[in-house]
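Number of protein chains: 2
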Amino acid sequence: MKGSTISLMDIDEDRLNSVYRLAKRYSAEVKFDMTVLRTKNRREAIKDSDFVINTAMAGGHQYYEKMRAISEKNGYFRGINSVEWNMVSDYHTIWGYYQLKLAREIAEDVEELSPESWLLQLSNPVFELTTLIGRLFKIKLVGVCHGHMDYRDIVGSVGLREKEMEVESMGLNHTIWMTKFKNRQENAYPILREWVDKEYHSFYKGWLTTTRSNPLSVQMSPAMVDMYNEFGLVPIGDTVRSGSWKYHRNQRTKVRWYGALGGFDSAIGWKFYLDSEKRHMSSINNALENTKESLSNLFPSGISDEPVVPILNALANDVRGNYQVNVINNGIFDGIRDNVAVETPSVIDGKGIHRIGGRKLPKKVMNFSILPRIQRMEWALEAFTDGGKETLLEWLMADPRTRTNKQAERVVEELLSLKENKEMAKHFN
Amino acid sequence: MKGSTISLMDIDEDRLNSVYRLAKRYSAEVKFDMTVLRTKNRREAIKDSDFVINTAMAGGHQYYEKMRAISEKNGYFRGINSVEWNMVSDYHTIWGYYQLKLAREIAEDVEELSPESWLLQLSNPVFELTTLIGRLFKIKLVGVCHGHMDYRDIVGSVGLREKEMEVESMGLNHTIWMTKFKNRQENAYPILREWVDKEYHSFYKGWLTTTRSNPLSVQMSPAMVDMYNEFGLVPIGDTVRSGSWKYHRNQRTKVRWYGALGGFDSAIGWKFYLDSEKRHMSSINNALENTKESLSNLFPSGISDEPVVPILNALANDVRGNYQVNVINNGIFDGIRDNVAVETPSVIDGKGIHRIGGRKLPKKVMNFSILPRIQRMEWALEAFTDGGKETLLEWLMADPRTRTNKQAERVVEELLSLKENKEMAKHFN
Numbered sequence: 001m002k003g004s005t006i007s008l009m010d011i012d013e014d015r016l017n018s019v020y021r022l023a024k025r026y027s028a029e030v031k032f033d034m035t036v037l038r039t040k041n042r043r044e045a046i047k048d049s050d051f052v053i054n055t056a057m058a059g060g061h062q063y064y065e066k067m068r069a070i071s072e073k074n075g076y077f078r079g080i081n082s083v084e085w086n087m088v089s090d091y092h093t094i095w096g097y098y099q100l101k102l103a104r105e106i107a108e109d110v111e112e113l114s115p116e117s118w119l120l121q122l123s124n125p126v127f128e129l130t131t132l133i134g135r136l137f138k139i140k141l142v143g144v145c146h147g148h149m150d151y152r153d154i155v156g157s158v159g160l161r162e163k164e165m166e167v168e169s170m171g172l173n174h175t176i177w178m179t180k181f182k183n184r185q186e187n188a189y190p191i192l193r194e195w196v197d198k199e200y201h202s203f204y205k206g207w208l209t210t211t212r213s214n215p216l217s218v219q220m221s222p223a224m225v226d227m228y229n230e231f232g233l234v235p236i237g238d239t240v241r242s243g244s245w246k247y248h249r250n251q252r253t254k255v256r257w258y259g260a261l262g263g264f265d266s267a268i269g270w271k272f273y274l275d276s277e278k279r280h281m282s283s284i285n286n287a288l289e290n291t292k293e294s295l296s297n298l299f300p301s302g303i304s305d306e307p308v309v310p311i312l313n314a315l316a317n318d319v320r321g322n323y324q325v326n327v328i329n330n331g332i333f334d335g336i337r338d339n340v341a342v343e344t345p346s347v348i349d350g351k352g353i354h355r356i357g358g359r360k361l362p363k364k365v366m367n368f369s370i371l372p373r374i375q376r377m378e379w380a381l382e383a384f385t386d387g388g389k390e391t392l393l394e395w396l397m398a399d400p401r402t403r404t405n406k407q408a409e410r411v412v413e414e415l416l417s418l419k420e421n422k423e424m425a426k427h428f429n
Numbered sequence: 001m002k003g004s005t006i007s008l009m010d011i012d013e014d015r016l017n018s019v020y021r022l023a024k025r026y027s028a029e030v031k032f033d034m035t036v037l038r039t040k041n042r043r044e045a046i047k048d049s050d051f052v053i054n055t056a057m058a059g060g061h062q063y064y065e066k067m068r069a070i071s072e073k074n075g076y077f078r079g080i081n082s083v084e085w086n087m088v089s090d091y092h093t094i095w096g097y098y099q100l101k102l103a104r105e106i107a108e109d110v111e112e113l114s115p116e117s118w119l120l121q122l123s124n125p126v127f128e129l130t131t132l133i134g135r136l137f138k139i140k141l142v143g144v145c146h147g148h149m150d151y152r153d154i155v156g157s158v159g160l161r162e163k164e165m166e167v168e169s170m171g172l173n174h175t176i177w178m179t180k181f182k183n184r185q186e187n188a189y190p191i192l193r194e195w196v197d198k199e200y201h202s203f204y205k206g207w208l209t210t211t212r213s214n215p216l217s218v219q220m221s222p223a224m225v226d227m228y229n230e231f232g233l234v235p236i237g238d239t240v241r242s243g244s245w246k247y248h249r250n251q252r253t254k255v256r257w258y259g260a261l262g263g264f265d266s267a268i269g270w271k272f273y274l275d276s277e278k279r280h281m282s283s284i285n286n287a288l289e290n291t292k293e294s295l296s297n298l299f300p301s302g303i304s305d306e307p308v309v310p311i312l313n314a315l316a317n318d319v320r321g322n323y324q325v326n327v328i329n330n331g332i333f334d335g336i337r338d339n340v341a342v343e344t345p346s347v348i349d350g351k352g353i354h355r356i357g358g359r360k361l362p363k364k365v366m367n368f369s370i371l372p373r374i375q376r377m378e379w380a381l382e383a384f385t386d387g388g389k390e391t392l393l394e395w396l397m398a399d400p401r402t403r404t405n406k407q408a409e410r411v412v413e414e415l416l417s418l419k420e421n422k423e424m425a426k427h428f429n
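In order, the protein sequence lines correspond to chains A and B.
Going by our numbering, the first residue of the first sequence is number 1, and it counts up by one from there.
Going by our numbering, the first residue of the second sequence is number 1, and it counts up by one from there.
The set of hints was computed from the structure by calculation and includes no laboratory data.
Do not take every clue at face value.
Which copy is meant is left open, so a pair is good if it fits within one copy or across any two.
What the hints assert, rightly or not - Calculated lysine-lysine pairs in the DSSO-like style (CA-CA distance at most 30 angstroms, straight line):
| hint | residue 1 | residue 2 |
| --- | --- | --- |
| 1 | K406 | K73 |
| 2 | K31 | K360 |
| 3 | K360 | K180 |
| 4 | K363 | K406 |
| 5 | K101 | K278 |
| 6 | K363 | K351 |
| 7 | K140 | K364 |
| 8 | K138 | K360 |
| 9 | K73 | K198 |
| 10 | K138 | K24 |
| 11 | K406 | K182 |
| 12 | K360 | K140 |
| 13 | K73 | K24 |
| 14 | K138 | K364 |
| 15 | K422 | K406 |
Could you put together the complete structure from these sequences and hints?
Here you go:
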């Protein structure tokens, strides 16, 4: 990737300058030949690119936290956006109007200004956005998420060796199931079964202790074990954070399934995460102030676990490899409609993404996780594309937290009255 | 159909004898040449038939009323079986274990003993049963329901003439939407729109009065109008009885949408229906006692509105005609998986059922009624075919009446403890 030009774009000048300075300084420090540009003009950044990477969250965390507070006041614990199979607190779907709109506009720009470019959709909701963009535009599109890497927690806990494993997960983004778990080419699920039955109980005590100080680690939670027992496959990564309402009715239920602090998406867990993001930002800003210190503390040398750069490398330099990607189904996944984005292992090289067909998940997994998740996706996209207050109300009618129709009407009213939601209110009226 | 042999089968001897005597006497009275047989042996009745008509309800109404009572005691108003898009009180799906099992056994018998026969699936749940049987057996299968005829209430109310109309509805059984409403070959939806906007308000007062004495008439209810306003198409027949939770949270909501007594599926409406069934049975028994009286009071001359005999006639005597049927989708309906039964107008003649392809419903109808209904069907079939207590619990996790996981576990426990449910409890353990 030497000699690349990277054009950083942000509407926030301070943030743009920070990341620009960081990139300049880091590339100089590691002596990597690249040209770094900065711009507040999105079209300028996109024009004639080879790759466009969308990592933006429209509105930022605090905007969504306001909507969460309004929801909770009206009886919707953790917000109207948190529903079965999508309890991840910043995976904004039904209330993600601005987020979906921004992603659609970026795709529009790509189609117009850089039609040969790959669009890498990194910001969430990857499932909704990959589906939406895939339906609307004829551009080269791939949704990327790192959650599938969490299978390594299982490998480590069970006492197997990462290097001897061959593992695959698939489904929908944040609803993926481990369909292959091989150790030295043999199915290692029986080893896992035995470990869960015999060792998990004592393992759990240690896990509980560590999650008291860091509630974000959920791969090895009782929720994972419960889903594994019910479905026969292990849910991976953010999938574990979701599941049915069984795990999410209230803080007490979350504690039962995700540890003492209630896991990643409890009020405590989520605050912990937002705070850690802030700490991360301030350590970056400190490093920028402290111009004499090396950046290697912030960015250890070597390639990170994030699949983005390897995917760029595979596409740009024809370096063939296996990657977990989100792509429009078009027949590779049995029982899922063609125009729905699926997450699946694929081969990537200079010619593009080679999806592997004949994918299938067990009937129970399909019925109780994939179908409900697809339904919520369709509802969120319907609300976004067609608007109308009734699309928000239909969402709430099927919600176990809705006790009365009035309650649903009231929360919609209040959310749309937020001053930030002026345009959104118009869309839904 | 002259010269036909009809073999009546029932496991209840009294009921079998009643219907046998009725059929013998009526065919003699109208001088119709047919042979009537009776048997308690199902295989005997099915063997070498041209048509097998399944109208059985395993367990009978009272069995299901017991389960409804247990449900209501545990906070599930109108029973755990009554959920979004299936509020019809005797459309037994999740708790219909014996009903589904019986229908599967009948289909098995047809496949073995009368493989060239048509199986007419009349008993409910037509949607679940047509899908189930269609997936499991390679027999000639058609699900039949009369609910689509209710469009005539609309034609009459608006002041149009039935004979000048061309009307079609489609979707899934009990979730059908009027896709064609033509008067003298012109789209009459604008007439209906105007009538609803200008006349419905005063019409409603009269309707409210009549439904005070008979709560079963729901086609012209405010629920119909509300769904029409939201979806842009009119829901037909039993579809109106269902809809989302918006119309069914409690008796007060039902009254708001279905009239003073809360409509067909309120406690009052449902009792009214069960009582009218009893009255109907006793008038049949009275007529049987009173051997000198003509049966023409019970059965007016001429063909009834029921489509069953005309469909038999079309198939047996090659009398081509249009009928509303439930058949496995296999590509005629856009956006619905192939192995799901759809309800659709079809042409029937001596060669069979000619489904009309290229069917499509608006996106909003698909997303908010068809998809949720398919999901519940899949859940009910999963519970029936694979069992396991968790399939019942998953059903309840997505239910707005479930306040706690314990409540769901308790109602399942109590339902399975019913002495009638001994076999069912085994299936779900």
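The hints, checked one at a time:
1. K406 to K73: The answer is both: 14 angstroms in one copy and 25 angstroms across copies each meet 30 angstroms.
2. K31 to K360: neither (46 angstroms within a copy, 59 angstroms between copies)
3. K360 to K180: Classified as within; 12 angstroms inside a copy, 38 angstroms across copies.
4. K363 to K406: between (37 angstroms within a copy, 26 angstroms between copies)
5. K101 to K278: This pair counts as within: shortest intra-copy Cα distance 26 angstroms, inter-copy 58 angstroms.
6. K363 to K351: neither (34 angstroms within a copy, 35 angstroms between copies)
7. K140 to K364: between (33 angstroms within a copy, 28 angstroms between copies)
8. K138 to K360: both (26 angstroms within a copy, 24 angstroms between copies)
9. K73 to K198: neither (43 angstroms within a copy, 39 angstroms between copies)
10. K138 to K24: neither (34 angstroms within a copy, 68 angstroms between copies)
11. K406 to K182: neither (52 angstroms within a copy, 37 angstroms between copies)
12. K360 to K140: both (25 angstroms within a copy, 29 angstroms between copies)
13. K73 to K24: neither (46 angstroms within a copy, 68 angstroms between copies)
14. K138 to K364: between (34 angstroms within a copy, 24 angstroms between copies)
15. K422 to K406: Within one copy, since 22 angstroms is at most 30 angstroms while 42 angstroms is not.
Hints 2, 6, 9, 10, 11, 13 from the list above are not met by this structure, while the remaining hints are.
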